[in-house]
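> Going line by line, the protein sequences match chains H and D.
Taking numbering that gives the first Met the number 0, I'd label the letters of the first sequence as residues 0 to 164.
Taking numbering that gives the first Met the number 0, I'd label the letters of the second sequence as residues 0 to 136.
Bear in mind the hints are in silico, worked out from the structure with no lab data behind them.
Be aware that one or more of the hints could be misleading.
[Stated by the list, open to error] Selected chain D positions facing chain H (Cβ under 7 Å, derived; list incomplete):
#1 K59
#2 K79
#3 N80
#4 N84
#5 R111
#6 D115
#7 R119
[Unchecked claim] Calculated pairs, PhoX-like style, for lysine-lysine (alpha carbon to alpha carbon, straight line, at most 20 Å):
#8 D:K107 / H:K107
#9 H:K146 / H:K30
#10 D:K107 / H:K26
#11 D:K85 / H:K129
#12 H:K26 / H:K94
#13 H:K94 / H:K79
#14 D:K107 / H:K30
#15 D:K85 / D:K107
#16 H:K146 / H:K129
#17 D:K79 / H:K129
#18 D:K136 / H:K30
#19 H:K30 / D:K103
#20 D:K136 / H:K107
#21 D:K85 / H:K26
#22 D:K46 / D:K136
#23 D:K103 / H:K26
#24 H:K68 / D:K114
#25 D:K85 / H:K146
#26 H:K68 / D:K103
#27 D:K79 / H:K68
#28 H:K107 / H:K21
#29 H:K30 / D:K79
#30 H:K21 / H:K85
We put the CB at the ideal spot given by N, CA and C, even for glycine.
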Amino acid sequence: MKKLLISVVLLSSVLFGQNGVKPVDNKLYLKECGSCHFAFQAGLLPERSWVKMMNDLENHFDTDATLAKEDYDTIMNYLKVNSSEKAMNYKRSRKMTNSIRGNQTPLKITEVAYFVDKHNEIPLRLITQKEVGALSNCMACHTTADKGIYSERAIQIPNYGRWDD
Amino acid sequence: MRKIAIMLVFITNIFASQFNPTIQEYINTLKKEVKKGNNSFVDFSIKNGENIFTSSHIGKKGEKISCTSCHNIDLTTIGKNIFTNKLIEPLSPNKNPNRLISVKDVEKWLRRNFKDVYNRVGTAQEKGDVLYYINSK
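Work out the full structure: start from the sequences and follow the hints.
Written out as structure tokens, the structure reads:
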């Protein structure tokens, strides 16, 4: 029975792709981007968004996030190779990609239609409370966000608890 | 008089040797740069560094901010990026052995954080002063 279950899970992941988003697997990206904020997975935005963002690191959300040339090149390449439209076998990358119109180049993950749709029922007070601060603070509620898993059962909102959609 | 001078140089070297060798080299280049424009320059100052680190300024975001806004007054404590809520490991090299190790990292953070807090890059004098202050913690 257990074997059968495992086979079904394996088969469905082959047929329907992976569930979350590909976890960050680049040490430099983790270090350079993750020291100021959650290291958002590359598969959460399309290539054109990452390129636009990387083109103005001097004014990165009103902060200077400039990098040494060699690190810049490595990270730019990592983002391009792993951007959302190149990771369509991952559910979240697919949904994010499909919800962005061709003429849009979002810089904020939190403004992508799929993301907005997934978060629009959360009361503002739960977002602005000091334990969270902003929707960009993934780990505050998604306890497994760093593993690329944003499933509902891994949600734990501070001072609220589990979230049922 | 000469003996005193030698003693002074010796004492300064003891203090300076607290930096790791690669950072010390960086400090030396900063010193050379300062001397170019200021003949009377002797050494960087922890006291001036403290003022740079703790005073408030209108930063890059147009808000009043100081280094301590994110790194705390006590450099041995865990700080928090006030804009992203991301925790910041202690800046004190005594508390956190990963600090003041790599010149590349030091240059990067000085460049970024002077802009964040002062909305401009730091001068060689300011960089040296603030590194002396951080290293003293």
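> Checking one constraint from the list: CA of K21 of chain H to CA of K85 of chain H, max 20 Å. Satisfied?
11 Å, holds
> Would the hint linking K146 of chain H and K30 of chain H be met if the CA-CA limit is 20 Å?
16 Å, holds
> Tell me if K79 of chain D is really an interface residue toward chain H, meaning its C-beta lies closer than 7 Å to one of theirs.
10 Å, violated
> Are the Cα positions of K136 of chain D and K30 of chain H separated by 20 Å at most?
Violated, at about 24 Å.
> Would you mind confirming whether the straight-line C-alpha gap from K79 of chain D to K68 of chain H stays at or under 20 Å?
27 Å, violated
> Just to be careful, I want the Cα atoms of K85 of chain D and K146 of chain H compared with a cutoff of 20 Å; is the pair within it?
17 Å, holds
> K79 of chain D and K129 of chain H: Cα distance at most 20 Å?
12 Å, holds
> Run the distance test for K85 of chain D versus K26 of chain H: straight-line Cα separation, threshold 20 Å.
18 Å, holds
> If you take the shortest Cβ to Cβ gap from N80 of chain D to chain H, is it below 7 Å?
6 Å, holds
> Keeping to a limit of 20 Å between CA atoms, is the pair of K30 of chain H and K103 of chain D held or broken?
Holds: K30 of chain H and K103 of chain D sit about 13 Å apart, inside 20 Å.
> So if I understand the rule, the pair passes when the alpha-carbon distance is 20 Å or less; does K107 of chain H with K21 of chain H pass?
19 Å, holds
> Given the hint that K26 of chain H pairs with K94 of chain H, does the C-alpha gap stay at or below 20 Å?
Violated - the C-alpha atoms of K94 of chain H and K26 of chain H are around 26 Å apart, more than 20 Å.
Against the hints set out earlier in the document, violations occur for numbers 2, 7, 8, 12, 16, 18, 20 and 27.
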